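Protein chains: 2
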Amino acid sequence: MGRAFARLLGSQRKVFPFRIVAIQTLRHGAAIDPRGLPLEPPFGKRIDSIDEFLDRARPEVVIELTTLNPATGEPAISHIRAAFARGCHAITANKGPIAHAYAALAEEARRSGVEFRFESIVMDGAPVFNLVRNNLPGCKIRGFTGVVNSTTNVVIEAMRAGRTLAEGVEEARRIGVTEADASFDIDGWDAAAKTAALANVLMDARLTPLDVDRRGIARLTPEKLHALKRQEKTVRLVSRARTTPNGVKLRVRAEVISEHDILASTHHTSSLLLFDTDLMGTIGTVELNPGVEQTAYGVFSDLVDIAKSS
Amino acid sequence: MGRAFARLLGSQRKVFPFRIVAIQTLRHGAAIDPRGLPLEPPFGKRIDSIDEFLDRARPEVVIELTTLNPATGEPAISHIRAAFARGCHAITANKGPIAHAYAALAEEARRSGVEFRFESIVMDGAPVFNLVRNNLPGCKIRGFTGVVNSTTNVVIEAMRAGRTLAEGVEEARRIGVTEADASFDIDGWDAAAKTAALANVLMDARLTPLDVDRRGIARLTPEKLHALKRQEKTVRLVSRARTTPNGVKLRVRAEVISEHDILASTHHTSSLLLFDTDLMGTIGTVELNPGVEQTAYGVFSDLVDIAKSS
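Chains as they are written, first to last, in my numbering: chain A, 25 to 334; chain B, 25 to 334.
Only chain A is shown next, with the shape it has when bound in the complex (with noise of 0.2 Å):
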């Protein structure tokens, strides 16, 4: 995604003139120049202090893109705040500290004045916070409703074909779209991270994924699925989110629905999110089959918001 990201800030510096003054990779180490590295620049040590690594470094943004810790979030976190505390704006493509401690890092970006972006966390770069912060003023997110993982869409269509969940996860990790431990997303930890991030962000909510009431896909079988088949139904792994009196509830399912439904059109890696909103109605974003440049243009539209707005 790093390369992805690379590659793009390269193809767009007409425009958008951006320069790296500094990438550190867990397999490369360090690359450090302010006045900007090439697109192979040469690596050197990795810096073990992400403190001393910013300071040498002293860019205007950090761009967080660590794997995801689902049950603490770091060490994302302690990146972002390493940022926010030299007074750099922050990206994250990472979802743990979203899903973790929303409200804590936006409230130190607040004070620091910085911003703090994450769009890509959710459903690669197609607008879902950037649609609700720039284009539904006045609107009130009441709930949302969403198919958000691609690994399930991949392996529930492979058993619906007669191939066994096994069979699916293969061909889910050959795509490029399962971690090493895809019980992660067959579990639905991915979703209810998603779907808490959503949440905390959109409607002020404060959960972590650990609040979602979660079923993954696990208990799935071919047979079920060819039952469902000549119903005309289908499963999807179905992430939702309402308002009630006791506060924001959060809900990962493996639900039946008919193939008609518009959430049973997000075939392969596609995916999908409707909002209920109070002036708006019901509306969404859609993203067909993405990869991972799309998750680099979502780090790519933070980055040209910042500037715009900073």
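If you are wondering where the hints come from, they were derived from the structure by calculation, not from laboratory data. This one's a predicted model, so the numbers in the text were calculated from it and none came from an experiment.
When chains are identical, the list treats them as one kind, so a pair holds in a single copy or across two.
Cross-link-like lysine to aspartate or glutamate pairs, in silico, DMTMM-like; alpha carbons within 20 Å at most: (1) Lys332 to Glu139; (2) Lys248 to Glu191; (3) Lys257 to Glu283; (4) Lys253 to Asp285; (5) Lys164 to Asp302; (6) Lys273 to Asp237; (7) Lys164 to Glu317.
Using the hints, position chain B against chain A.
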């Protein structure tokens, strides 16, 4: 729609304190008070000249809500020009001006240093133009595919359930989505106007509804739809735009599609628009069963956008 918009302004006035200084309608005549009108204003005689009306009203923003003359885009185009000539921003809920004269009007707005907005003309208040403007920096729209006419959805679903085209039109009229002359919807002119408007704004197409390769649903029969149903297929009036070496090509056709195609998920008055972009792949906006309040919201979101940017 004007009444729905006035109600919306009233309900939002604490956060967005806009003032209505003048209203003119064919039926009620004119009401003008630069200090601001009440929700049920006293109407006097209609003012025949738009110039005189605007000179007396002295608004900052002109909101054009006349009904569409699909062949010319008038009188809306003249109203908008009268606004620009006085240094007023203009918002229209009328697709005619955008389908017939977008490039010229946009240029006139630029020269007058004013904003020109029209979010509600394609999908009511669901973000379409503002989505591309605000949320897709650097993205080029290479084409689009959509189902943007409610009447034909309602008629097709009625015929699929065994009723006649005329009965379907009656149902659409009862819901309130069909104009006096239903052939405007059935023959694809409404969809063609929306398609030309989208292409003019998003792809700099400089085309009119007459340039759209257009074929409506008039030849469809309940029998045909019933036969398609047995093959798990249905029909939608689909708008398509694509970039070719010879310029932008536009098409509106009754297309046979799979029941499982996302385009087929547009039931009742719902609509869907998918953008083919260079950087963000295929993303789209969907709107489920909107009413007149949602069209009013589209105008409201334009108004807030203008207030923020000026």
